[in-house]
Amino acid sequence: RKEVEQDPGPFNVPEGATVAFNCTYSNSASQSFFWYRQDCRKEPKLLMSVYSSGNEDGRFTAQLNRASQYISLLIRDSKLSDSATYLCVPPGQLTFGSGTQLTVLP
Amino acid sequence: ETGVTQTPRHLVMGMTNKKSLKCEQHLGHNAMYWYKQSAKKPLELMFVYNFKEQTENNSVPSRFSPECPNSSHLFLHLHTLQPEDSALYLCASSQENRDVNTEAFFGQGTRLTVV
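Respectively, the protein sequence lines represent chains A and B.
FYI, the numbering for the first sequence is 32 to 137, going by the working numbering.
FYI, the numbering for the second sequence is 9 to 123, going by the working numbering.
Next up, chain B with everything else stripped away, as it sits in the complex (with noise of 0.2 Å):
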């Protein structure tokens, strides 16, 4: 199943570097997600878009830059990070209707490190 697909799989970076996550869905999903999941802590929503607008930001430091230049992409440009930004970070989308929200697929994820 490549229905959503995440790239690079393993990211090591320093805190001075800038890197950017891929994501891209080939499900004709019209909204996408970025959750971070540090070592054994739940799911933590970050960004949500909808029909490429972001709709949802959950208080992320600006260190984190999502962008969606289409419905099938999504990215997370990511500059000066600290070692508490080390974990998985995984992207996800579905279908949204007005009244039912579809489930939602994950890509593989993309671990990150940060020293």
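Same shape as in the complex, but just chain A (with noise of 0.2 Å):
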């Protein structure tokens, strides 16, 4: 079983709309884990921290399930500007899920 799995999409939602994305892990070492968004051709770059079992900012909630050991982002209210993709980083790991494609269209 790989490390992190991420449902690669792509998901193609309207302005407006509410997406969520999971990403399953298997092994847990600590205690975060991270949303990142990578634009095209862009290095990645950090959207939300989680130290706990979620987190909310703005739009963007955050949630973590230890029991079925997967992670979830929550966007709510999409703008075109939140096209990109989103990769999760599973608690104590290095390794990056293959990436959710979002694409909002207007």
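Watch out, some of these pointers could steer you wrong.
[Stated by the list, open to error] With a straight-line cut-off of 20 Å between C-alpha atoms, the simulated DMTMM-like cross-links for lysine to aspartate or glutamate are:
| # | chain 1 | residue 1 | chain 2 | residue 2 |
| --- | --- | --- | --- | --- |
| 1 | B | 44 | A | 70 |
| 2 | A | 76 | B | 32 |
| 3 | A | 76 | B | 52 |
| 4 | A | 76 | B | 75 |
[Unchecked claim] Simulated coverage check for chain A against chain B, where a stretch passes if three residues somewhere in it have a Cβ under 8 Å from a Cβ of chain B:
| # | stretch |
| --- | --- |
| 5 | 63-72 |
| 6 | 75-83 |
| 7 | 125-137 |
Note that these hints are calculated values from the structure, not bench results.
Quick reminder that beta carbons are idealized off the backbone N, C-alpha and C, glycines included.
Taking the hints as your guide, dock the two standalone chains into a single complex.
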């Protein structure tokens, strides 16, 4: 089993929609996990860091389910500028998932 | 934000050339990483350095040789590469503690083309 698995998408959603991504992991070694976004041909940039079971920042909510070993990212009221690839980094790992591609359509 | 700086940004090299990629971080972090990202592929972790010591080498071919002279600098020496090594090479740094891994900060990457 891969260390990290993500639904690659693509997710094509209309502007204003709510969209959620999941990321499953096979190993848990620490308390923190992260979501990054990566724009085309650019480096990944941190979107949210979470040091407990969840975190909310404006339109973005990240949650950790330790029992089922997955982390999720919820985006509300999608904007065109949210179009990117979203990468998860599970607890205690340095490897990234394959990323989930999101396109928000006008 | 210039916390992690990579040079050069673009590099074209022949299969017989020797070149080096450079990464410098100004964040005071104790861990640095090299990742490779081929077109439409996920990030692949290549090397990990903690406190200047290499702690991970993910079966990377010997034509890639990392060097970490101090906690702020990381190099990737390249020689006799193959066309399939063409990719975006990303450097990252973070502050590693025993129980908590902090977020990684990435450089803008070196886009390498092997001809």
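Verification of the supplied hints:
1. This hinted pair checks out: residue 44(B) and residue 70(A) have alpha carbons roughly 16 Å apart, not beyond 20 Å.
2. A distance of roughly 17 Å separates the Cα atoms of residue 76(A) and residue 32(B); the hinted pair therefore holds under the 20 Å criterion.
3. With a C-alpha separation of about 16 Å, the suggested pair residue 76(A) and residue 52(B) falls inside the 20 Å cut-off, and the hint holds.
4. For the hint pairing residue 76(A) with residue 75(B), the CA-to-CA distance comes to about 25 Å; that exceeds 20 Å, so the pair is violated.
5. Closer than 8 Å: that is the beta-carbon criterion, and the stretch 63-72 of chain A has 3 residues meeting it against chain B, so the requirement of 3 holds.
6. Given a C-beta distance limit of less than 8 Å, the hint that chain B covers the stretch 75-83 of chain A holds, as 5 residues qualify and 3 suffice.
7. For the stretch 125-137 of chain A, the assignment as covered by chain B holds, since 6 residues bring a beta-carbon within under 8 Å of that chain's beta-carbons and 3 suffice.
Hint 4 alone, counting from the list given before, is not met by this structure.
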